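Given chain A's structure and the hints, the job is docking chains B, C and D onto it.
Residue numbers (UniProt numbering), protein chains in the order written: chain A, 1 to 394; chain B, 1 to 394; chain C, 1 to 394; chain D, 1 to 394.
Every clue listed holds true.
It does not matter which identical chain is meant; a pair holds if it fits inside one copy or across any two.
Below, a list of computed lysine to any residue pairs in the SDA-like style, where the Cα atoms sit at most 20 Å apart:
#1 Lys124 to Leu67
#2 Lys276 to Asp141
#3 Lys319 to Met1
#4 Lys276 to Pro136
#5 Lys282 to Asn385
#6 Lys51 to His102
#7 Lys278 to Arg389
#8 Lys124 to Ala114
#9 Lys278 to Met144
#10 Lys282 to Gln345
#11 Lys319 to Asp4
#12 Lys113 to Ala172
#13 Lys113 to Val233
Calculated from the structure, these hints are not laboratory results. Bear in mind the structure is a predicted one, so any value in this text is a computation, not a measurement.
Each chain is listed here by its residues.
Protein chains: 4
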Amino acid sequence: MNFDLTPELLDLQQRTRDFIARDVIPFERDPRCTPHGPTEDLRAELIARAKAAGLLSSHMPLELGGLGLNHRAKAIVFEESGYSPLGPVAMNIAAPDEGNMHLMEVVATPEHKARWLVPLAAGKIRSCFCMTEPDPGAGSDPNMLMTTATRDGDSYLINGRKWFTTGAEGAAFAIIMARHEGGELDGQATMFLADMNQPGVTLERTMDALDTCFPGGHGVVRFDNLRVPATDVLGEPGQGFRYAQVRLSPARLTHCMRWLGEARRAHDVATAYAAKRKAFGKTLGEHEGVGFMLADNEMDLHVTRLAIWHCAWTLDQDKLGRHASSVAKVISSEACWRVVDRSVQILGGQGVTNDTVVARIFADMRAFRIYDGPSEVHRWSIANNILRRAKPAH
Amino acid sequence: MNFDLTPELLDLQQRTRDFIARDVIPFERDPRCTPHGPTEDLRAELIARAKAAGLLSSHMPLELGGLGLNHRAKAIVFEESGYSPLGPVAMNIAAPDEGNMHLMEVVATPEHKARWLVPLAAGKIRSCFCMTEPDPGAGSDPNMLMTTATRDGDSYLINGRKWFTTGAEGAAFAIIMARHEGGELDGQATMFLADMNQPGVTLERTMDALDTCFPGGHGVVRFDNLRVPATDVLGEPGQGFRYAQVRLSPARLTHCMRWLGEARRAHDVATAYAAKRKAFGKTLGEHEGVGFMLADNEMDLHVTRLAIWHCAWTLDQDKLGRHASSVAKVISSEACWRVVDRSVQILGGQGVTNDTVVARIFADMRAFRIYDGPSEVHRWSIANNILRRAKPAH
Amino acid sequence: MNFDLTPELLDLQQRTRDFIARDVIPFERDPRCTPHGPTEDLRAELIARAKAAGLLSSHMPLELGGLGLNHRAKAIVFEESGYSPLGPVAMNIAAPDEGNMHLMEVVATPEHKARWLVPLAAGKIRSCFCMTEPDPGAGSDPNMLMTTATRDGDSYLINGRKWFTTGAEGAAFAIIMARHEGGELDGQATMFLADMNQPGVTLERTMDALDTCFPGGHGVVRFDNLRVPATDVLGEPGQGFRYAQVRLSPARLTHCMRWLGEARRAHDVATAYAAKRKAFGKTLGEHEGVGFMLADNEMDLHVTRLAIWHCAWTLDQDKLGRHASSVAKVISSEACWRVVDRSVQILGGQGVTNDTVVARIFADMRAFRIYDGPSEVHRWSIANNILRRAKPAH
Amino acid sequence: MNFDLTPELLDLQQRTRDFIARDVIPFERDPRCTPHGPTEDLRAELIARAKAAGLLSSHMPLELGGLGLNHRAKAIVFEESGYSPLGPVAMNIAAPDEGNMHLMEVVATPEHKARWLVPLAAGKIRSCFCMTEPDPGAGSDPNMLMTTATRDGDSYLINGRKWFTTGAEGAAFAIIMARHEGGELDGQATMFLADMNQPGVTLERTMDALDTCFPGGHGVVRFDNLRVPATDVLGEPGQGFRYAQVRLSPARLTHCMRWLGEARRAHDVATAYAAKRKAFGKTLGEHEGVGFMLADNEMDLHVTRLAIWHCAWTLDQDKLGRHASSVAKVISSEACWRVVDRSVQILGGQGVTNDTVVARIFADMRAFRIYDGPSEVHRWSIANNILRRAKPAH
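Chain A on its own, in the form it takes in the complex (with noise of 0.2 Å):
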């Protein structure tokens, strides 16, 4: 056991720190950060800073223009990447294309590579991830899953209605998740890719949400008879569920370390604040009330990153990680919405204005105590996993 980084790995964190310092924090005041997220030319703009340092889609093998980097070294270079709220998508690296990129990296046959994953990960388009669904259909329980895919000659149609579907405005293509009604495969889920722009595709809306990091937001999507080759099924059909777990625990991983990033920069703002802003005779670092405030900062953004490390080794040891991931994203979720509250305590009335970035942080941070999956869900998760090893004790 050891927390030694390698040279390379440090050099890494390093020029990653420089270019969201140097490349991409200049931005966060361009006008073309919406309300849902940068704009298609804001991103490409980012995306071509990171090509020119290197650093773009880093999760991903080198033939694909990433730098092959295992969980663990993520960990490093994700949370650096999440000090700006534009750095993940800068580096083609925010959700959801990292982790669709990562899933189709696993199943994906060459040609939907070819056809897909290739300009995917080269920033050149974006996708999306069509699984939740409104009610009745399946929140934080798959199993309520109600789109369907229906056999059709060679073909599937696909009937439902997905939303927190992010990126879904400006997404080239999308991965649907869907139950088969009727065959032999009725009841099972499968993925399906499909293009977005394209009859039996509707993007209803897109939600106004308090998180304004994604670019595209977060759409609500209609499919009506959207037809789907049977070819263009993600793997195997009826692994829609497996698949979903494979692509989940290291995707809730990598929120967790971009999140970091984000805690981490809503301290120093707030940090820097508290060691110069003076109240009542001396600097608000100074008064124990803040001082304190900053010192459980600190300790709750170190064990944050010893969660995310210890996950990133276990799922580096070909673990599924299912445990190890619920784990890691509750420690981190809470303790990262721990950090940014504070800060914005501390930071006062301009903790709550866009004078900093920490009230924008803050904003994005509340989702992720609820995306992939509510503390609630893990918490249970986590309880079964224990009751079921549990033995008497003495």
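Coordinates of chains B, C and D only, in the frame set by chain A:
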């Protein structure tokens, strides 16, 4: 000691509740709700409705068109008003106007009242309160006041910058806090009344804040040799800090009342959702993890209401209520915050979108722990009070 | 609505406060305070002092030697009694006797009252309440009741085991909850009155518990064919669960009152220490980290008191108060716990020793979150109540 | 970075686990466990077993009979030892002996080692560390040290009072911290070695503390002209505060390790109970309210372990580890406390009795947030460290 409400007050409570449901909530999705609060046009429409319902400026005496409510009656009515983020504006009891009216009623001359208070109480104009200053000026620590007032013949010249001046954009007049420079009041503070549309007053910008419930948002105002006739001193010169206390304790408490209404609304929306949305085979509410959050909400709303009532009773005894209002403010702002945060969590993804009013309440509510004194300043003040009273124990 | 106390009640409060300071606190270091509570000898001495002070069994009617206090008056007096862990015993208003007296006053026959209630109210004997059973019997879930009552001629034969029977050791009589086996009441529950010193009653052991304030500690009691005449059914047969509610809501609330007094004591000891002990150049209390704890204590004591008063008022309106007493119990037990935990922390090392009374209060207090229904059971019951009331919100 | 344990360490972990289960836990109900810790007789019996198992004084080098473990290996072994409150005593790695051995190994002369360290490492004698003083002496603030050392020929005369001197009763020798009075070291601090059974040393009393795991409890020791030869200065004169740091960071961390084991034990007992005890139609663990507590326990144990491992790694890099050990101590003591508190709650009534070991762990654990520096002192020290490092953020 009892918790009975008179039949008259119960009737007024019900009428307010009905008014909010019927006349105010339907406007929550009106496009005239902007990031800097409802427009003047929307405000006027709401004011007209409140007037028709006999619910305008209820804290003002009858001769000013109000209902002459004492603090305890306000606790009932203002909570109901807050059930919609637009309610306090509609009823002309929102900050800062409500507190300004209260202060002026206590210390203004008949001339000042005729000129400014009468139209303010009628909802025809708005006002602002210029107190908080940017670093290194007065924030939580009023002694850092940097805006100056210099005697010049029969007038004062005021110079300085204020921010977080709620409602500055569109306000007809301001109460300005400034420190005397020179003269026999050198170093002491005075409040001045001044129209906003005159030379020497510049609205530099309106800040982009998380909260969206205040008409005019929060402005940054600059005074450059603003000339104020000595007759427009509010009350006595040199009494600025004392008047600030007169205004602050009740104003702080009415904040608590209104925000309690907002928090109750969030809880009700979350409860309704938990009662019908299903996951994992039962309604959300039937899951203990969610049910416990609802129970905690109920308890937090309960103690907030009790703390407000107790403080209102204290103020009705003709006490200054500084300690009591600090206690009520910390309890209320933190408990209401927990309620709203849990409500967001129960709503899941929808909780962080504008699909319900809860995300908007969430964004409004965060400022409550900071405005009118952050929790930390009140805790410190409460602690000092405790230590002053401390006697050896057994 | 108001928070005034009558002059009579203020006087009674002061007299109780003086009594505790003068007649009770000096006995806290008496060697007759054992791990299983004060000895019978010490108890008798304290009872005599309370009687002399006119403060015995104050919740009982005048004809039984009490002061006929309603719930709100009890809130004032019982809080004062709790200022010493020995206070409630001294004043004969400790659990379980206090609740047993209340129940018997409501449902017992004149004969039962003459035989058991009169000497109990006079503090001459003690009683116990045999309800909770070891696994797999009735704990938090009363429906799991396993102790049986079988009709045998003019008597019942009672069989079963009870634990956490507070005060069993030394009790003159017991109220026993049992489930009918056979007969027309088969499956229903009844309460029985029975002397403890008779065949069929075995005190297996007294449990070693953290708390040390209850005379007789907590016993494990076994009934083997205990014969109880049918005339010694308490109230009506088959009404056991209903009577349990009659006893429980007020008994739960008087727990809150007494424990509030204990918590206030801990806070006062910690405050006195913080006001004089120096570290790092100033008193502990002048350190914000400690000052904030004192402020939080004050707020927790305040909301506890308000919640108790509100619930007492509800019970005085002749309401059953089940929901209200659950709310008050969770708020009180958790807030008082935080107060005592912080008080320990402020006292540093001394806080975990018997050099002050706080460590003893700490050990007593932990059980409060469990006895009379753990927080979790109350939260669940509160949640169900909320969901039953739920109507669609806007 | 990785979290692998070597096969050797895994084996040692398993052997320790087995030893605790087989040789130590059966003694937990031994009557020789007193309120002031296990008796000397019980201690000797346990030591003999650990020696037979090859697990004695494992942090000492091979030549002193130990296993020469580094900090990371200690993290593994000490956690296992803590699984029983008697474990660290059995393995001779309990405070204060463990820390005293460590300090002496680093700074003592060969003569001192032969005389005191050799028998101490063999578990033949015990020691104590006389540092903390009663008010107005040194508690959390070491600068308030009042015990004096005055040069008198070839000796020093030591005068003063110490308390919370863990293990004083029965200790063969003490390390005493005193401040020079007069001479060229006037005002500086030095550590002295001295046998306890000599004139000038008085054990005034042993304090009644909540914790019961330390042999000899916590003593109040008075020195009246205790004569210590100058040759019995530990290390260099005037280096007392520096040595305190040498001792403190690792000693603080080994506290964390042992207490993590205790917390894990409490969690295991609670889990086993939750897995079998039924209420309201299902096992406790199947109730989300309880399941969530188990999940929170698991996460708290996880972050504690990670924080300890990280700090151990830091210390293994030959760093002083002051900041790291403060961070680890606050995280560990507060997380372990939450674990134990939840475990009590899950166990219900039994949790507050000695029917399981959890109530004892609960009482032990409370002190952890105070001993070796209360959380508040560490938070303040962490905050200062943060502020020193602070640079302007973007």
